[in-house]
Each structure stands twice: as structure tokens, then as C-alpha cells.
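Here the protein sequences come in this chain order: A and B. Going by numbering that gives the first Met the number 0, the first residue of the first sequence is number 0, and it counts up by one from there. Going by numbering that gives the first Met the number 0, the first residue of the second sequence is number 0, and it counts up by one from there.
Keep in mind that the hints were calculated from the coordinates and are not lab data. Cβ coordinates follow ideal geometry from the N, Cα and C atoms, glycine included. Be aware that a few hints might be false.
[Unchecked claim] What follows is a list of derived Cβ distance ranges for each label pair:
(1) A:P46 / B:Y155: 26 to 36 Å
(2) A:G37 / B:G168: 44 to 54 Å
(3) B:A109 / A:G28: 48 to 58 Å
(4) A:A45 / B:L137: 38 to 48 Å
(5) A:H24 / B:L184: 38 to 48 Å
[Claimed, not checked] Once the Cα atoms are required to be at most 27 Å apart in a straight line, the calculated DSS-like pairs of lysine-lysine come out as:
(6) B:K6 / A:K69
(7) A:K9 / A:K67
(8) B:K200 / B:K225
(9) B:K191 / B:K140
(10) B:K191 / A:K48
(11) A:K31 / A:K67
(12) A:K9 / A:K48
(13) B:K1 / A:K69
(14) A:K67 / B:K6
(15) B:K6 / A:K48
(16) A:K9 / B:K225
(17) B:K158 / A:K67
(18) A:K48 / B:K225
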Amino acid sequence: MPRGEVIVNKELCKECSLCVVACPHGVLGIGKTINSKGYHSVEAVAPEKCTGCTLCAVMCPDVVLTIKRKSPERK
Amino acid sequence: MKTVFQKPEAMTDVPMHYCPGCTHGIIHRLVAEAIDSLGIREQTIGVASVGCSVFAYDYFNCDMQQAAHGRAPAVATGIKRVRPEAMVFTYQGDGDLASIGMAEIVHAAARGENITVVFVNNAIYGMTSGQMAPTSLLGQKTATSPRGRTVEEMGYPIKMCELLATLDGPAYLSRVSTHDSRHVLQAGKAIKKAFEMQQQKKGFAMVEVLSTCSVNWGMTPANALKWMAENMVPYYPLGVYRDVTAKEGN
Chain A
0 MPRGEVIVNK ELCKECSLCV VACPHGVLGI GKTINSKGYH SVEAVAPEKC TGCTLCAVMC
60 PDVVLTIKRK SPERK
Chain B
0 MKTVFQKPEA MTDVPMHYCP GCTHGIIHRL VAEAIDSLGI REQTIGVASV GCSVFAYDYF
60 NCDMQQAAHG RAPAVATGIK RVRPEAMVFT YQGDGDLASI GMAEIVHAAA RGENITVVFV
120 NNAIYGMTSG QMAPTSLLGQ KTATSPRGRT VEEMGYPIKM CELLATLDGP AYLSRVSTHD
180 SRHVLQAGKA IKKAFEMQQQ KKGFAMVEVL STCSVNWGMT PANALKWMAE NMVPYYPLGV
240 YRDVTAKEGN
């Protein structure tokens, strides 16, 4: 079971790939589906590696990502 | 599993019009998070500027006002003096604040108006498609400096934090960056601190946030972050330029 889960709101994604660069575990990648704006939305290509560190969401300019984590929030 | 990151309450569900990878979105979220964490959404009034951030009033879930180009600090001054219990912030770009609005920001700072200013510096005029801004770096190629900015023709870039730090009015001046997640988290803390300064009635607080404009810089969003870290951060050193609470030992 992965420690974290990343939920992508695909309609808001603009394919800037800042989250892909920010993720230290290579969880995210540019997907193959196109949203209504014409962008290839990101998706979790390796969801089992997610630790819920939120670094991807911190860099996302369009607040596309929601992050869930198993362990309690680190301070 | 527990949700550890989601859209802040102080942001609306309106999709943002910014270009892919524009750090305006990150900075909007940081402001919204600061508003949420201080629990001041119901009493906050934001003043949007002119530039790419002109539609900021659609994206913040609090009362908003749109100011004429560069006049956001003057409008914020009026709102704050009439409604001193309100938390008033302006959200301005470098074309708005450092160019046409230079007089307003300098005088608001000199008066020590109790407002919070979020200044987004991306070293170019974004909305009008990439002309040279007062903050464009030396050698930077823009639509109006196609061979690069030179001192002889265009003078030096303006460092707003350093300039305002010569005045006695400001209570808090800080420059932060958004080029990686660590710096984004630091930027969030600085913006929150600028709101706290207003809450404590310390006076004028400004956070300068270094930002990218990947489309007008002609780069991918990821490369634009790298260019900012390598070129902008050395010219615009990050740090706190004024903090009156530090003197008091708090």
C-alpha cells in the first residue's frame, strides 16, 4: 500500500509539468488523455511510489492536485 | 487516509486564465493559504491591479476591488482608513508597482500605511506580450530590448525592496522566490507574516515574490524556473530587508 495518494483534477491541468519535475519519486507523468482545454493532463504513472509529501501540489500553479497521506501530518 | 493538501477556502473554483506554468497561480494560492490560516477571510478586502493579475478578483474568495493601473496602494489606503478593522492587501505585478505605480507604492510605504502588498516580480511585462519592464535584468532580451537591456540605453533594473528599505515607514519588507518547492514554502511564510504585521497594526508590509513568465521569456515552465534561479535570484537577493518585530526581539 502506498503511503500517499495524489488526486488529479484533470480539467484544471495545463500540462506545465512543474509537478512532474518537483516529485522526488517519479510518481507523476504527462498522461495521454486530453482535457477540454486541449492539454494532456498529468496523471499518477507510478501511484505506488507516492509518499504524500505534497511537493508536487506546492509547485502546481493551478491547484490541480489534492494529496492524501496515511501517516499524521508532519510539522 | 487524511487529506493533507487541498485548494484553500479563500480561493474560488474559477479556473485561472494564466498561461501554463505561470507562478501567479502559486502566489495566489499562498495568499489564500495565509488568509485561511489566520482565519481572516470574512474581513479581508483585496485590491487587484492591472496586468496579468487583473482578474485576481475572480480567484480570491473574499471581497475584492479593482484599482486603476498602479493605484492599488492608494485604493488600499482609502479602504483601510475607512474600514480599519478590515485586512487589506494589494496584489500587483512589476509593471503595475515598479513602473506606473512607483509614486503610489513609495508614498504608501513612506506613510507606513497599515496594508499588505504582494509584489510579483517577473522582470517583464507579461500581459502586453513581453516588453521590457523596469525590473528586466541587464542583458535580458525582450520585445522592446531585442539586443538585450543595456545600461547606456535603458539604465539599471529597480530593486524595490532595497529602495523602500531606505524609508522609515515600512514595517516589513521581504523578497522571496518561487523557483522550487522549498522556496515556495518560504514564500508562503513571508506572505503570512506580512498579514500578521497588519493584524498587529505594525504598518506597511510588502513581500516581493520573484516569478516567471515562461511564455514571454521563451522557455518551458521548468526551464523558466531554472533561469530565474540562475539569473534573477543573484541580482535580486532573497531575504528580509525590514522587520520591526525582529528589533523588538519577538
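Now for the hints, and whether the structure bears them out:
1. Between P46 of chain A and Y155 of chain B the C-beta distance comes to about 49 Å, which lies outside the given range of 26 to 36 Å.
2. Checked against the hint of 44 to 54 Å, the pair G37 of chain A and G168 of chain B passes, with Cβ atoms roughly 48 Å apart.
3. Judged by the Cβ atoms, the range 48 to 58 Å given for A109 of chain B and G28 of chain A holds: they are separated by roughly 51 Å.
4. The hint said 38 to 48 Å for the Cβ distance between A45 of chain A and L137 of chain B, and at roughly 43 Å that hint holds.
5. Taken as a hint, the range 38 to 48 Å is violated for the pair H24 of chain A and L184 of chain B, whose Cβ atoms sit roughly 18 Å apart.
6. Between K6 of chain B and K69 of chain A the CA atoms are separated by roughly 19 Å; this keeps the pair inside 27 Å, and the hint holds.
7. A distance of roughly 17 Å separates the Cα atoms of K9 of chain A and K67 of chain A; the hinted pair therefore holds under the 27 Å criterion.
8. At roughly 38 Å between alpha-carbon atoms, K200 of chain B and K225 of chain B are farther apart than 27 Å, so this suggested pair is violated.
9. Proposed proximity of K191 of chain B and K140 of chain B is contradicted: the alpha carbons are some 34 Å apart, above 27 Å.
10. The suggested pairing of K191 of chain B with K48 of chain A is violated, with an alpha-carbon distance near 32 Å, which exceeds 27 Å.
11. Restraint check for K31 of chain A and K67 of chain A: the C-alpha separation of about 24 Å stays at or below 27 Å, so the hint holds.
12. This hinted pair checks out: K9 of chain A and K48 of chain A have alpha carbons roughly 20 Å apart, not beyond 27 Å.
13. Of the supplied pair hints, the one linking K1 of chain B and K69 of chain A holds, its CA atoms being roughly 6 Å apart against a limit of 27 Å.
14. With a C-alpha separation of about 13 Å, the suggested pairing of K67 of chain A with K6 of chain B holds against the 27 Å cut-off.
15. Proposed proximity of K6 of chain B and K48 of chain A is supported: the alpha carbons are some 23 Å apart, at most 27 Å.
16. Annotation: proposed proximity of K9 of chain A to K225 of chain B holds, straight-line Cα distance about 26 Å (limit 27 Å).
17. For a cut-off of 27 Å, the pair hint linking K158 of chain B to K67 of chain A is broken: about 40 Å separates their Cα positions.
18. For the hint linking K48 of chain A to K225 of chain B, the alpha-carbon distance of about 26 Å falls within 27 Å, and the restraint holds.
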